[in-house]
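There are 2 protein chains.
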Amino acid sequence: MADAVGDFLTGGKRLRPGFCFWGHLGAGGSDTPEIVVAAAALELFQAAAIIHDDVMDGSDTRRGKPALHKQLAAEHGERFGTGAAILLGDLTLCWSEEMLVGSGLLNPDAREVFDTMRAELMAGQYLDLLESVSSNGTVESALRVARYKSAKYTIVEPLHLGATTAGAGRDVLEAYSSYGLPLGIAFQLRDDLLGVFGDPSVTGKPAGDDLREGKRTVLVATALERSTPAQADLVHRRLGDPELDADGVAELRDVLVTTGAVDEVEKLIASSTEEALAALDERIADEARDVLAALALEATRRET
Amino acid sequence: MADAVGDFLTGGKRLRPGFCFWGHLGAGGSDTPEIVVAAAALELFQAAAIIHDDVMDGSDTRRGKPALHKQLAAEHGERFGTGAAILLGDLTLCWSEEMLVGSGLLNPDAREVFDTMRAELMAGQYLDLLESVSSNGTVESALRVARYKSAKYTIVEPLHLGATTAGAGRDVLEAYSSYGLPLGIAFQLRDDLLGVFGDPSVTGKPAGDDLREGKRTVLVATALERSTPAQADLVHRRLGDPELDADGVAELRDVLVTTGAVDEVEKLIASSTEEALAALDERIADEARDVLAALALEATRRET
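Residue numbers (our numbering), protein chains in the order written: chain A, 1 to 304; chain B, 1001 to 1304.
Chain A on its own, in the form it takes in the complex:
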């Protein structure tokens, strides 16, 4: 079981550990082995989340390799693959907490951030799941999912965990929220664009995969708000069709472009990133401020 989790951890961008580590340094903490352990625990937590997420979505691939439940299914069949992946996710979830406690940095403030982070991710995923079966799909509800799943879970809460383990005061936490919330939205919007237009060799997923999965993103919701009846009809018929071929992907992409949804989302990414960068002021220690600015630009930039 440990080997399977270990192999799985060799991919990934370590975004959450990065934000936790730099959140710690930005709040006056030092670069110690303890904060590295605490930050790494977030990567275990994320591994647990995506192992389960791939089971829920029935995803075949992750990080350019077969999803864990698929790897396990190849050994002993589908039922084993699903069951074993659920158990491995559970175990990894427990280990993440064990590791964080083991860092010795989990003071009561940090514990509160961690507990909130866990509950909010699960609530965010639950909302996402509800969204995917309900037909409303407004821009507002897609932004709400992005707020919980991306902004809070990926950026704000890792920063807050790093900050509270350094004993940060309220001003630092506020600066991190002002930076992380708009950045998280920008980050998710970039991800939504990549899920539809991204190069499979970069994303590690087949072209147009999010369209086949029927993800109710801000991008799709924006397009629907601006669609002609014929365009809206096309989206409702083809979005989420597991059999969607290259022509179908091209047709849906065309709707997203011609309605102006892509431009609108690019504008929102730019303004949100700008808002995030503006929050990086003297409340945050110098070196961390520079790194956080660079991370913001890297995570939201257009692929060239």
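Hint data in this document are derived by calculation from the structure and do not stem from the laboratory. Each hint should be verified, as a subset may be incorrect.
As the list claims (entries may be wrong) - Derived coverage of chain A by chain B (criterion: at least 3 residues anywhere in the stretch with Cβ under 8 Å from a Cβ of chain B; other residues may be distant):
| hint | stretch |
| --- | --- |
| 1 | 73 to 80 |
| 2 | 101 to 115 |
| 3 | 272 to 278 |
The model shown is predicted, which means the values in this text are computed figures rather than measured ones. We put the beta carbon where it would ideally sit given N, CA and C, even for glycine.
Model the placement of chain B on the given structure of chain A, informed by the hints.
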């Protein structure tokens, strides 16, 4: 999400909280609100485990009601039901730990017991899953699953958690292991018999459900060791057949009885229970000793 988990918690025998509470009192602890909170956290943990277990097994019912993933599927379809149940299990898993920490009783010894308990349950379930897809199914391997899933997880570790939160020494922990390991085996064997011969109105599951699921229990493994070739062939053909009807159940039951496997398992239950009771000596405080003896008899007695 909280309502769904709350409803789900209204069934159940509260065995693990019971062992934790009496383990605490038997080790010299007092009946305080804190130990009640710590013990109750184990019921949340168990809820998480069975919510996921029912998804893995594709079980339709739990405690005489539809399984949680089935209740959720009735609202928004199968995919939502599975995904939401995985998320609710994850959330409940996190909450169990949050509640235990919140009790204020989780000293380093108790933390070690809790972490071991979680990892061992998941390893036990993984073994069980491997067992169900591999064809060996020996008495020895079935006993190994029973040791992790039942003896350690259901009895020994809850007792140890209760004991360590009371600051117990090594002698009490040893007494609890000597009591809990054989009792857990006895308890699992009784459960195996009920899964095949139990009254649906008592078990809350359809008659012969374990046969339909193809569980590789000690009972089945014992029968296979003692089978004629014709009987073994019958077991291999019908065990785990989801379409098994009342006649099929009766045929398999007949093999379990005529091979002497049922008698053998009843003998093992009796001797294991006796061994468990013998460990209840002066190392354990009086009142708890009496309750633990009563629990042992109640959890292993033959239904009348």
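Hints versus structure:
1. 73 to 80: holds (count 4)
2. 101 to 115: holds (count 3)
3. 272 to 278: violated (count 0)
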